[in-house]
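Colleague: The task is to assemble the complex, starting from two chains supplied on their own in separate frames and drawing on the hints.
These protein sequences, in sequence, are chains R and P.
Position in the first sequence (from 1) plus 13 gives the number in my numbering.
Position in the second sequence (from 1) plus 33 gives the number in my numbering.
For the record, the hints were derived by calculation from the structure and aren't laboratory data.
It should be emphasised that the depicted structure is a prediction, and the values quoted were computed from it without experimental measurement.
Some clues are possibly wrong.
[Said to hold, decoys possible] Partial list, computed: chain P residues near chain R (C-beta under 8 Å):
id: 1; residue: V53
id: 2; residue: A59
id: 3; residue: V66
id: 4; residue: L70
id: 5; residue: A76
id: 6; residue: F80
id: 7; residue: Q83
id: 8; residue: G89
id: 9; residue: F95
id: 10; residue: V99
id: 11; residue: G107
id: 12; residue: I114
id: 13; residue: R116
Glycine included, C-beta positions come from ideal geometry on N, C-alpha and C.
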Amino acid sequence: MNSIPAPTIEYGTLAPLLVVFGAAIIGVLVEAFAPRYLRKAIHVPLTLLSLAGAFALVLVQVLRGQVSTTASAVGALAVDGPSLFIWGVILVLSFVCVLLINDEGHFVASAAAVPGSADEEEAESAGGGHTEVYPLVLFAVGGMLLFPASHDLLMMFVALEVMSLPLYLLCGLARRRRLLSQEASMKYFLLGAFSSAFFLYGTAMIYGYAGTVSLPGINQALARGAALDPLLMIGLAMLGVGLMFKIGAAPFQAWKPDVYQGAPTPITALMASGTLVAAVGAVLRVFWVGLGNLDWNWRPVIWGVAALTMIVGSILAITQTDIKRMLAYSSIAHAGFLLVGVMATFGTAEQNASSLKAILFYLAVYGITTVGAFAVVTLVRDPGGEAGHLSRWAGLGKRAPMLAGVFAFFLLAFAGIPLTSGFFGKYAVFAAALDSGTQPGDSMGGWMAALVVVGVVASAIAAFFYVRVIVLMFFSEPSADGPAIAVPSMGTVTVIAVSLLVTVGVGLYPESVLGVADDAARSLFIR
Amino acid sequence: MTTHYLILSGLLFAIGAMGVLIRRNAIVVFMCVELMLNACNLAFVTFSRQVGNLEGQIIAFFVMVVAAAEVVVGLAIIVTIFRTRRSASVDDANLLKY
Numbered sequence: 014m015n016s017i018p019a020p021t022i023e024y025g026t027l028a029p030l031l032v033v034f035g036a037a038i039i040g041v042l043v044e045a046f047a048p049r050y051l052r053k054a055i056h057v058p059l060t061l062l063s064l065a066g067a068f069a070l071v072l073v074q075v076l077r078g079q080v081s082t083t084a085s086a087v088g089a090l091a092v093d094g095p096s097l098f099i100w101g102v103i104l105v106l107s108f109v110c111v112l113l114i115n116d117e118g119h120f121v122a123s124a125a126a127v128p129g130s131a132d133e134e135e136a137e138s139a140g141g142g143h144t145e146v147y148p149l150v151l152f153a154v155g156g157m158l159l160f161p162a163s164h165d166l167l168m169m170f171v172a173l174e175v176m177s178l179p180l181y182l183l184c185g186l187a188r189r190r191r192l193l194s195q196e197a198s199m200k201y202f203l204l205g206a207f208s209s210a211f212f213l214y215g216t217a218m219i220y221g222y223a224g225t226v227s228l229p230g231i232n233q234a235l236a237r238g239a240a241l242d243p244l245l246m247i248g249l250a251m252l253g254v255g256l257m258f259k260i261g262a263a264p265f266q267a268w269k270p271d272v273y274q275g276a277p278t279p280i281t282a283l284m285a286s287g288t289l290v291a292a293v294g295a296v297l298r299v300f301w302v303g304l305g306n307l308d309w310n311w312r313p314v315i316w317g318v319a320a321l322t323m324i325v326g327s328i329l330a331i332t333q334t335d336i337k338r339m340l341a342y343s344s345i346a347h348a349g350f351l352l353v354g355v356m357a358t359f360g361t362a363e364q365n366a367s368s369l370k371a372i373l374f375y376l377a378v379y380g381i382t383t384v385g386a387f388a389v390v391t392l393v394r395d396p397g398g399e400a401g402h403l404s405r406w407a408g409l410g411k412r413a414p415m416l417a418g419v420f421a422f423f424l425l426a427f428a429g430i431p432l433t434s435g436f437f438g439k440y441a442v443f444a445a446a447l448d449s450g451t452q453p454g455d456s457m458g459g460w461m462a463a464l465v466v467v468g469v470v471a472s473a474i475a476a477f478f479y480v481r482v483i484v485l486m487f488f489s490e491p492s493a494d495g496p497a498i499a500v501p502s503m504g505t506v507t508v509i510a511v512s513l514l515v516t517v518g519v520g521l522y523p524e525s526v527l528g529v530a531d532d533a534a535r536s537l538f539i540r
Numbered sequence: 034m035t036t037h038y039l040i041l042s043g044l045l046f047a048i049g050a051m052g053v054l055i056r057r058n059a060i061v062v063f064m065c066v067e068l069m070l071n072a073c074n075l076a077f078v079t080f081s082r083q084v085g086n087l088e089g090q091i092i093a094f095f096v097m098v099v100a101a102a103e104v105v106v107g108l109a110i111i112v113t114i115f116r117t118r119r120s121a122s123v124d125d126a127n128l129l130k131y
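Isolated chain P, as found in the complex (with noise of 0.2 Å):
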């Protein structure tokens, strides 16, 4: 019964972890880190569901607020970047190499 969300989670995961790794605009990676965390809430909340016991639920709600905190912190960069480069393309910061 529950396989299904797992299923859910698992794509919702996969396509979070793509998005990372194809897109360009630096808002829509992180975007997609969230996305990631949130397949990681889903599947805590199903397997709590499974193993029967409340673990899993109260680990969500850590992870909703640990998720917060890195949006405040993530989009404080990013913004920083953008006001300097006119940019928040990932591709465009490329002075740091080799």
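Excised from the complex, chain R in its bound form (with noise of 0.2 Å):
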């Protein structure tokens, strides 16, 4: 008999994970046990104190220069420096998310009792929302963490859905509209599970092809095997399918302005700024670590999907009447610009960590200046839940100039005008793209001068719709029975001024983040 040797796990790299993962089962356990009127006193610094404490942990990893060379966990996953960073984003964002979401009144106190029903009415006099909304963020943040850490494609597909189960159900649980609420987590599962179906079929072609869904195996694989097998094919197709679903690109959008529109403002935060920044990194990890050695085969795809995200989310958002709606089409096209940075990232180790770096600065300030911009929304208030129409925007300018201005501040920095974090977001990834276009033996040079004009051309559009919103809050009338002001908690005070002063100071100091960045780029993805 064979014995089996004992797999060596590194629970020092690990140990954000574990944090966040064990915080996420005890909470689950609190749920269990606790009596109703401590859970939420019990949940909240829980998950408080683990999301900063798995900071915490990164950070140790980074200043004691501990980041691994090395895949961890048998070669499931890889904790390297843009997993680190990408790691740290995350932790920030759903940090001030959970401060969101704390606020009372976003979730229903009963997701199973029928909306109008007699049942509802003792629910909502009971008090309270649903507290079980902490375990899932938590569990949704470690399969965040999962995702682009991701070393095979297995560890992948179980992190897609360890990120989006609990996804799912948060969608569901608004207090306020929750026909949109339901609607808005039936489609996104809907979808969600169709689109990682796809992703399975496609590892299972990449497994046939290369004979392991290990990321660095199938680039092997691609390096001595004939590059236009049909099982490659198809699987690369399928895979990049299952992605590009999940970073909402073009053509793959429609559940986006769906799901943010009906979810409850504080989720479509997270989804907002977490679940993209997690997509983009799977995104680049398995384009560079996987299917580095295929790159003029995906280039000119993504080319077509990144320039196809661009257009469309910046020309559909100009028609949203919903501020929410205008939003999800504004990250949509983010989405896009990101990819433009996607396209330069291959060849040499150098290009790929210039690229690398822009990539990593425009997540970070993009997440924060995106939660900034949803809890503003959290705070204009009709009756009957948040003022969502456009129309209802009208003036707020003159009765909240504080507000608005601050809205209109988180515009700007979208719109990626000059002083705002925004635009350096924007000059990084355009920049990277035009310098990869002269790189020697790039075959799609004039393409990527071709793509940076495309996404110019988008940025200006956008830019329209954002200044529109801005007109329409400063230049027009407020109508009689506007919208009312809530007065923000201390939760959603220290989220909106945490995002404003990180966008304007990484506007005035872009120095500072961008040296984080270049520092986990230098290190690069594990190959």
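Modeller: Shown next as structure tokens:
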């Protein structure tokens, strides 16, 4: 009998993950055993502390220079420089999102009660919302951490589901406009499950081609195998569908506006920031680590997807009348800008590091601005919930100049006006793309320049609808029965203040974040 | 020898995908997604035989667990929406658009 060797697990390296998942499991136990009135009092510190603790553990690894250069957990996970940067960003973003989630009144008291029924009234009068939200958020955050760090496609599939399943449920838990919320939840679930089936079938095909699902293994198989194998082509296309769905790239963007509109706004903030960061990280890893030897094959496709995404996102945003839908289309457009950066990650390590730096920087600054913008959206309220319709925002600048000013600033950052963090994000990504086009041996040199032109035009179109909202807020008369401005809680104030500070601060001193992104990118993805 | 199984897996996947696109009942749509996952499992096991390692069979187990978790979440969502609307048709859920 051969004995099975015990696998080695690098607990120190994986500690941030273990803390988040451990806290999520304790959260489930709290739901089971703690009395109802105590639950929130336990969940809030538990959730915030675990996220802060995980962030501290990430910092410890970075500061002590212990960034690992080999894959962890028997090749299942790669906690390299870019992974750690993405983890840090996700943990900060989810921390501020949890501050938003803490606010009273976002979540339904009993999701199982039919809207308008006696059951619902009873649950409402008992007070409070679902406290299951906290462990669900932690599981989702754990999945987000796992997703970009997965070193093989099986791990990535499991991470994708761990991230998505709690989010499907969270989308359906809005207290107001429950029909919309439930519909968003169902649409997200059915489309998400559909796309992950594509991801999985793609994985199966690539496994058939390469005989392994580990990303470096696939890359080695590509180096020695016939590159035009139908199995590989089918697998690549289907894997791409699954990944592009998650970042909401056109033509797989249809779920995004519906889900963003229907979901409770703090959850929308979490999805628009954390999920996007995690998914872009995973896309980068798959295309650079797993399919790096096939770049002349996937880059033209990503070119088309990126151009289409930018154009669709920014043009459809113009026609929107709901503020959350508009932000959803803006998020689609930004996914397109990020894909421009993904196009530039190929070839030599140096080339890769410089484009990677741009994308990491973009992810960090875009994520935090998005959370801030959604935090403002939670404060503008009608009797029936948040004032979603854009016409309700007319004249907000006269009724609440501070709030409208902050929101206008966030919109300018999305548009990429200089002196905001968004400007440097866009500049970095476009510069990296142009740079890559001048690399010797790049067959797509001219195409890269064309893509940047498309990106700049799309930014200009996008700027139009951001400015339109600003004009609406400041230069039109408020209606007599305009929306009420809720008195923000401490948590919401903190979220908005932090987002504003980062957006302004990075706008003035981009080196601060850019330097960290550079360090992270330099160590590259483990190949 | 394994080609037949791959063709079967491809057919199952196509039937599932078709079903998701054309069926109107959320439960049936969901069952079609599960069919797609099972087609993946068949493909994994077949390839495992073909390339001669056990990875594919292990993956099939993972997929089963994930599919079970997905059923739990999915049915919860569909049952909630059915109780609200007295209908599980995906066409009736049309409040979110444009």
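Colleague: For every hint, state whether the structure bears it out.
Modeller: Hints and how they fare:
no.	hint	in the structure
1	V53	holds (5 Å)
2	A59	holds (6 Å)
3	V66	holds (5 Å)
4	L70	holds (6 Å)
5	A76	holds (4 Å)
6	F80	holds (4 Å)
7	Q83	holds (7 Å)
8	G89	holds (6 Å)
9	F95	holds (6 Å)
10	V99	holds (5 Å)
11	G107	holds (6 Å)
12	I114	holds (5 Å)
13	R116	holds (5 Å)
Hint compliance for this structure: every hint is met.
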